[in-house]
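Residue numbers (the numbering used here), protein chains in the order written: chain Y, 1 to 205; chain W, 1 to 181.
Derived by calculation from the structure, the hints in this document are not laboratory data.
One or more of the hints may lead you astray.
[To be verified] Using C-beta positions, here's what the derived DEER-type ranges look like: (1) W:A41 with Y:G44: 42 to 48 Å; (2) W:H181 with Y:E117: 38 to 44 Å; (3) Y:T174 with W:V152: 48 to 54 Å; (4) Y:E108 with W:W159: 35 to 41 Å; (5) W:A129 with Y:E169: 35 to 41 Å; (6) W:A41 with Y:Y149: 52 to 58 Å.
[What the hints assert, rightly or not] Covered stretches of chain Y (in silico footprint by chain W; criterion: 3 or more residues with CB under 8 Å from a CB of chain W, positions within the stretch not fixed): (7) 112-124; (8) 127-137.
[What the hints assert, rightly or not] Some but not every residue of chain W turned toward chain Y, in silico, with C-beta under 8 Å: (9) A43; (10) L46; (11) I47; (12) P48; (13) G57; (14) S71; (15) E75; (16) T110; (17) G122.
From the three backbone atoms N, C-alpha and C, an ideal C-beta is built for every residue, glycine too.
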Amino acid sequence: MRAPRLSSMLPFLVLVLAGCPPGPGQLEDPEELIDDGCDENWIGTTVHDQTFKLPPYAPAPGLAWSVEWTVPVEFYGGVGSRLRIDNHDPDQDCMVAFYVGDEEPWPEALPALPLGEEPPPVVDGLGELADRASVPRAWDGNGTWDSGYVALSTDDQPGMRYLTLAACEGADLTVGIETYARHCSSLSDMDVGAIVEAVTVEVVF
Amino acid sequence: MRHTGVLSVCVLIAGAILTIATSPPYFSYTDRVDLGTLDFAEADGLIPIDGSFEVEGYLGDTIEEVFLQVSVGLENLDAESGAVRLWALEQPWELETWDPAETEDELVETLVIPGAIGEEPGAVDGVMAWERRWVKGHQQEFHLLLELEGAVDVVGSGWLTVTIGTEERQPDDVSVVLEVH
């Protein structure tokens, strides 16, 4: 018996390579393929996304914002905030530090951030250090950037957190803030967006 | 309806695979050389890389593509950031005559390395790629230069890769030999 020619098998091979089922009679129910385990089905929804130009001086450059959220029934997830700091200044690098606390931050609490030194891990009035970066100056005319991140909640704890970005003096910085909810429940994006009741951003420093 | 949709997606993917399968074949041959330790402080910020590549075996009459890539992993112990630039030079590098502000050599790519924070060095991993057409000749010299500006105390390691790419059908015994001196 002769083996089938490769060319006659090509359409079948292509369908198999494309990951498609061989025929409607053998089609699996897509509902059966969904794994409800939270290890694999995380969904992220951005609830706030805004970019600010930081004042370079007087008395110190910084940015403060707060995030408040509630947790609906059957919610398993968390709320987080991400930062992107762009340095457009061709002349200087810039240290930035990102603090999270439970009380409204004081402008006078902003620490000095010498280049090359670790920022203080805890600052009265700002809270705990969540992330920090040394953002390089804009080499060869191209701006450079770095990013930071903090998880604000876990699972079923509703709350309110205050966040502060402290930055070096004099640099030409823009700061992008993205706050999002992450979940693995059956909630719609609209429901998840509603769990973050308020993201209030104010340039206070 | 759902089955119709699934079938449409299958047809689209199958079409894409058939398109790729019927495109002209593309052959590439690669060799790689370790550049050893890159100590910019010891080299006063300038590390020249001179070398040549040679293609062994038959190549056709078509113009081939050449990709030279410098891959580096660097650590910066200075608080200030730095910029590592890869230059493709027309001639072998000479300290007395080469001036980055005056040269007409080609600036291939710039890699920015952040400053150290406390005990943690700034770090960057990157690939700087120089692509050009190769007009005949199975052996060709090249002259590259790594220039560091800003930070001084930068060390790391790297390697150089050369890849010859062609759409012309080739025998299997073609190889590329890369040398750095």
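- Query: Against the structure shown, which of the earlier numbered hints fail to hold, in ascending order?
  - Reply: Checked against the structure, the hints that fail are numbers 3, 4, 6, 9, 10, 11, 12, 13, 14 and 15, while the rest are satisfied.
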